[in-house]
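Student: For the sequence shown, full-length UniProt numbering assigns the number 1 to the initial residue and increments by one for each residue that follows.
Check the hints yourself; a few may be wrong.
[As the list claims (entries may be wrong)] Label-pair distances were calculated between CB atoms; the ranges are: (1) Glu175 <-> Glu340: 41 to 47 Å; (2) Lys332 <-> Glu142: 41 to 47 Å; (3) Asp315 <-> Pro135: 36 to 42 Å; (4) Arg108 <-> Pro17: 29 to 35 Å.
The hints are simulated quantities; they were obtained by calculation from the structure and are not laboratory data.
Glycine included, C-beta positions come from ideal geometry on N, C-alpha and C.
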Amino acid sequence: MACAQTGSGKTAAFLLPILSQIFSEGPGEALNAAKASGQQYPISLVLAPTRELALQIYDEARKFSYRSRVRPCVVYGGADIGGQIRDLERGCHLLVATPGRLVDMMERGKIGLDYYAPHLDILKADRMLDMGFEPQIRRIVEQDTMPPKGIRQTMMFSATFPKEIQILARDFLEEYIFLAVGRVGSTSENITQKVVWVEESDKRSFLLDLLSATGEDSLTLVFVETKKGADALEDFLYREGYACTSIHGDRSQRDREEALASSDPGSVAARGLDISNVKHVINFDLPSDIEEYVHRIGRTGRVGNLGLATSFFNDKNGNITKDLLDILVEAKQEVPSWLESLAYEHQHKSNTRGRKRSDRHHIFDLTGLGGMATKSRP
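The task is simple: from the sequences and hints, build the whole structure.
Tutor: Okay, here's the thing in structure tokens:
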């Protein structure tokens, strides 16, 4: 189980050792099983939460295995399954997959996991759970023919380590080693974080000021709260003369791939992407939890590069105040005085509400009557 900050090189950390082992040991039993059954038995399985991330890992695997006999493949939803099946039939040693499409391929009898003890790599495990993939992951790992955890080699990678990930690690890993680079769930000091107070009505104007200041050669990611908001902001920026595009779940896979391929300065994009040369991340709408904030700003300042993250804050974001303050302090960032005051007020109100709730109720031991009861003060 490895936890490290976003952009720290986790993809290469698991791909290179796996490919090295495949180079030296070859496909073994998996090759004979594939010839006999028509199924493909990958030596290594990499699970990724999104289509874009799966494609990016696949591209890296192709680079690392260039001019070798190792054949990576990728399967993901939202694209022609027939083309993916034909590609699989040419051979597959390393498979990158999203959980839903992998289950589909297994049900169709195109992929098997039982003839060889594969490497199982679960990338961005925290995002997997956030996106509701736990049932599919458990089915792939526990209910099909994959070798048990004492036989297969399993690696989980995550930028954060919430309780849900700890439970998943306990179920999927045996006597595992936990590696943490930096503080788990923290942000990189390579990213300069700025939090500015911006009223809802002023956000578009403030965004234009930021984009004008970053220069024409700078690639920017803007995160918004809704799919409709992404499309509306794309239209607004286009009318203002910026080359831009939006990416979200309602767009077709082809549209999303074209948007990534043509990313120019001023891009508006959805979360979780690994786009090269992002100089500036803007939280037009702040997320409701701090882990999402960490993932978002981690799109910049990757692999040792410097980056800038600017977040628009107003009265709607009170629930993230304390956690945001802690992240800024820990990363040695400049903290606005108004944010410190808001965090103190929010904490004080929470403590006050907690005391009031405890003052209003008395617990009476009714052992002789066989139960407990609560009584509220009038």
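Student: If you test the structure against every hint from before, which numbers come out violated?
Tutor: Result: no hint breaks.
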